[in-house]
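Here the protein sequences line up with chains H and B, keeping their order.
The first sequence maps to residues 1 to 129 in the working numbering.
The second sequence maps to residues 130 to 330 in the working numbering.
FYI, nobody ran anything at the bench for these hints, they're computed from the structure.
A few of these clues could be false.
Far from chain H, some chain B residues (derived; all Cβ distances over 12 Å) [as the list claims (entries may be wrong)]:
| # | residue |
| --- | --- |
| 1 | Asp137 |
| 2 | Lys143 |
| 3 | Phe186 |
| 4 | Gly194 |
| 5 | His197 |
| 6 | Gln204 |
| 7 | Ser216 |
| 8 | Gln223 |
| 9 | Asn248 |
| 10 | Ile284 |
| 11 | Pro298 |
No more than 30 Å apart at the CA atoms, straight line, and that leaves these computed lysine-lysine pairs for DSSO-like [what the hints assert, rightly or not]:
| # | chain 1 | residue 1 | chain 2 | residue 2 |
| --- | --- | --- | --- | --- |
| 12 | B | Lys241 | H | Lys6 |
| 13 | B | Lys213 | B | Lys177 |
| 14 | H | Lys6 | B | Lys296 |
| 15 | H | Lys49 | B | Lys138 |
| 16 | B | Lys327 | H | Lys87 |
| 17 | B | Lys195 | B | Lys138 |
| 18 | H | Lys27 | B | Lys138 |
| 19 | B | Lys250 | H | Lys49 |
| 20 | B | Lys241 | B | Lys296 |
| 21 | B | Lys170 | H | Lys83 |
| 22 | H | Lys87 | H | Lys49 |
| 23 | H | Lys15 | B | Lys138 |
| 24 | H | Lys6 | B | Lys258 |
| 25 | B | Lys195 | H | Lys12 |
| 26 | H | Lys85 | B | Lys170 |
| 27 | H | Lys27 | B | Lys170 |
| 28 | H | Lys66 | B | Lys258 |
| 29 | H | Lys49 | H | Lys15 |
| 30 | B | Lys195 | B | Lys164 |
| 31 | B | Lys241 | H | Lys49 |
| 32 | B | Lys241 | H | Lys66 |
| 33 | H | Lys126 | B | Lys177 |
| 34 | B | Lys250 | H | Lys83 |
| 35 | B | Lys258 | B | Lys241 |
| 36 | H | Lys49 | B | Lys296 |
| 37 | B | Lys170 | H | Lys12 |
| 38 | B | Lys250 | H | Lys15 |
| 39 | B | Lys213 | B | Lys195 |
| 40 | H | Lys6 | B | Lys195 |
Just so you know, these numbers come straight off a predicted model, no measurement behind them.
Ideal placement from N, C-alpha and C gives every residue a C-beta, glycine not left out.
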Amino acid sequence: MNIILKDDELGKIEKILSDNLINSGIKTAILIDTAGNVITYIDNGGYRKDIFPLAALVAGNFGAMKSIASILGESEFSLLFHKGKEKNIYLTRVGDAFILISVFDDDILLGFVRLKIDEVTAQLNKLRM
Amino acid sequence: MALINMRDKEIQVKIVYYGPAMGGKTTNLQYIYDKYQSRIKTEMVSIKTHGDRTLFFDFLPFDMGKIHDFNMRIQLYTVPGQIKYNSTRRLVLQGVDGMVFVADSQAEQRYKNVESLNNLKENLNVYNKDIFNVPIVMQYNKRDLAHDSTPLLSIGDLENDLNLHIKAPTFAASGITGMNIIPTLRRITIDTIAFIEKELQ
C-alpha cells in the first residue's frame, strides 16, 4: 500500500510541527514513516542535506529497539532519547506507521520538550495518522 | 510502500539489494555512489562491523530525475548477508518497493545463493508480500572472476537455480569493473515505478 500525501494534509502537519516545536526552540522536526521515508520536515538546524540518511537511520534504530523490547517482554519502546554534549534527539512513535524526530540544543529543558512532543503527537493522531 | 508527495511532486521509492554474504551488494552501491557522486548530495551511509562487513545496512539516496513531472527519489538499501543477521534483514525489507537479488557466480557459492533466495521469500512473507508480486531483478555478480580461472556457475545454472519460476530480468555483472551495475539499477527502477503506477490506477 502506497502513501499519498496531499497539499492540505502536508500543510496541517507542518503547521502542527511549526507551532508546537519550532516556535518552542526545537531546531529540526522531521516526520517519517517506519520504512524510513520522509513525510515532511522543518529544519532550522542546518541538517537539510542529511535529512534522508537521518530518516533511514532512525527507522532502523526504531526497528532494532522494537526487537530489543520484544526480548524484554515489551511490545515496543514508544519513545527514544539520545543526549549529546550539545545536541539531543528525541524519537517518538506517532500512530502505527510514523515516527517523529525532534532535534534540539542543550538550552531547552527535556521536560518542556516532552510536553510539547506529547501535544504534537496528540494533534497528529487526530489527523488519523 | 512508496511515498507520493502530490504538493512537492516527489515520489520516494525503496529498493533493497538482497543476496548471500560477500556477494557484492555493498560494492553495487559503492559503484553507484562513485559514478554519480555529483548527483548524490549526501554521503553513503554504511553501518559496518570492525571487520568491514555490513552489520545493519548501507543506504544511498539517489535522485533519478523526473518521470511524468514527478521527481523520483530512489532510496537504495543493502541488507547484511551473513546468516546470523536475519532479524536485521527483515527490518530493512519493511516497506520495500523493489529488489535486486545479487547472486554470487562462484561455483562454491551455489548453495548459499539458493539459501539466501529462500530466506528472502520467507522474510517477504512476514510483510504479506510475495516474491512473485514484487518487482525484482536478478544480478549474477562476479563474472569478472572467469579471467582468474575461478570456477563459475554458468548463466544457465544460475537461471535454473534461482530464476526458473520467478522469471525476473537478469544481468550478468561485475561490481568490481562496473559491468551492468547501472543497467541493473535502471531496470529495477523502471520496473518498480511501472508497478507503482499500476497499483495507483
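Each hint, compared with the structure:
A cut-off of 12 Å between C-beta atoms contradicts the statement that Asp137(B) is not in contact with chain H; the least separation is 8 Å. Look at Lys143(B): its CB is around 6 Å from the nearest CB on chain H, not clear of 12 Å, so calling it non-interface is violated. With a least CB separation of 6 Å from chain H, Phe186(B) falls inside the 12 Å interface cut-off, contrary to its annotation. Gly194(B), annotated as away from the interface, keeps every beta carbon of chain H farther than 12 Å; the closest lies near 16 Å.
With a cut of 12 Å on Cβ distances, His197(B) stays outside the contact zone with chain H, its closest approach being about 15 Å. With a cut of 12 Å on Cβ distances, Gln204(B) falls inside the contact zone with chain H, its closest approach being about 7 Å. With a closest Cβ-Cβ approach of about 6 Å to chain H, Ser216(B) is found to fall inside the 12 Å limit, against its non-interface label. Against the 12 Å criterion, Gln223(B) falls within the reach of chain H, whose nearest CB is about 5 Å from its own CB.
Asn248(B), annotated as away from the interface, keeps every beta carbon of chain H farther than 12 Å; the closest lies near 17 Å. No beta-carbon of chain H is positioned within 12 Å of the beta-carbon of Ile284(B); the least distance is around 33 Å. At roughly 23 Å, the least C-beta separation between Pro298(B) and chain H is larger than 12 Å, which holds for a residue marked as non-interface. Among the hinted pairs, Lys241(B) with Lys6(H) is inconsistent with the structure: their alpha-carbon atoms are about 44 Å apart, more than 30 Å.
Restraint check: the Cα-Cα separation between Lys213(B) and Lys177(B) comes to about 14 Å, which is no more than 30 Å; the hinted pair holds. As the CA atoms of Lys6(H) and Lys296(B) are separated by approximately 37 Å, the hinted pair breaks the 30 Å bound. With a C-alpha separation of about 19 Å, the suggested pair Lys49(H) and Lys138(B) falls inside the 30 Å cut-off, and the hint holds. About 44 Å separates the Cα atoms of Lys327(B) and Lys87(H), which puts this hinted pair outside 30 Å; it is violated.
Between Lys195(B) and Lys138(B), the direct Cα distance comes to roughly 9 Å. Compliance with the 30 Å bound is thereby established for this hinted pair. With a CA separation close to 26 Å, the supplied pair Lys27(H) and Lys138(B) stays within the 30 Å bound. Only pairs whose Cα atoms come within 30 Å are accepted, and Lys250(B) paired with Lys49(H) is rejected, the gap being roughly 35 Å. Restraint check: the Cα-Cα separation between Lys241(B) and Lys296(B) comes to about 20 Å, which is no more than 30 Å; the hinted pair holds.
Our distance criterion of 30 Å between C-alpha atoms is met by Lys170(B) and Lys83(H), whose separation comes to about 27 Å. Annotation: proposed proximity of Lys87(H) to Lys49(H) holds, straight-line Cα distance about 17 Å (limit 30 Å). Restraint check for Lys15(H) and Lys138(B): satisfied, since their Cα atoms lie roughly 20 Å apart, inside the 30 Å limit. About 27 Å separates the Cα atoms of Lys6(H) and Lys258(B), which keeps this hinted pair within 30 Å; it holds.
A C-alpha spacing of about 27 Å is found between Lys195(B) and Lys12(H), which places the hinted pair at or below 30 Å, so the restraint holds. Among the hinted pairs, Lys85(H) with Lys170(B) is consistent with the structure: their alpha-carbon atoms are about 27 Å apart, no more than 30 Å. For the proposed pair Lys27(H) and Lys170(B), the alpha carbon gap of about 21 Å is at most 30 Å, so the pair holds. Straight-line distance between C-alpha atoms of Lys66(H) and Lys258(B) comes to about 21 Å, which keeps the hinted pair within the 30 Å bound.
This hinted pair checks out: Lys49(H) and Lys15(H) have alpha carbons roughly 22 Å apart, not beyond 30 Å. The hinted pair formed by Lys195(B) and Lys164(B) meets the criterion: a straight-line CA distance of about 19 Å does not exceed 30 Å. Of the pairs offered as hints, the one joining Lys241(B) and Lys49(H) is violated, with about 38 Å between alpha carbons and a cut-off of 30 Å exceeded. Distance hint between Lys241(B) and Lys66(H) is fulfilled; the C-alpha atoms sit about 29 Å from each other, no more than 30 Å.
The hinted pair formed by Lys126(H) and Lys177(B) fails the criterion: a straight-line CA distance of about 40 Å is larger than 30 Å. With a C-alpha separation of about 39 Å, the suggested pairing of Lys250(B) with Lys83(H) is violated against the 30 Å cut-off. Proposed proximity of Lys258(B) and Lys241(B) is supported: the alpha carbons are some 22 Å apart, at most 30 Å. Straight-line distance between C-alpha atoms of Lys49(H) and Lys296(B) comes to about 39 Å, which puts the hinted pair past the 30 Å bound.
Only pairs whose Cα atoms come within 30 Å are accepted, and Lys170(B) paired with Lys12(H) is accepted, the gap being roughly 28 Å. The straight-line distance between the Cα atoms of Lys250(B) and Lys15(H) is roughly 42 Å, outside the 30 Å bound, and the hint therefore fails. Distance hint between Lys213(B) and Lys195(B) is unfulfilled; the C-alpha atoms sit about 39 Å from each other, more than 30 Å. The straight-line distance between the Cα atoms of Lys6(H) and Lys195(B) is roughly 19 Å, inside the 30 Å bound, and the hint therefore holds.
This entry does not satisfy hints 1, 2, 3, 6, 7, 8, 12, 14, 16, 19, 31, 33, 34, 36, 38, 39, going by the numbered hints stated previously.
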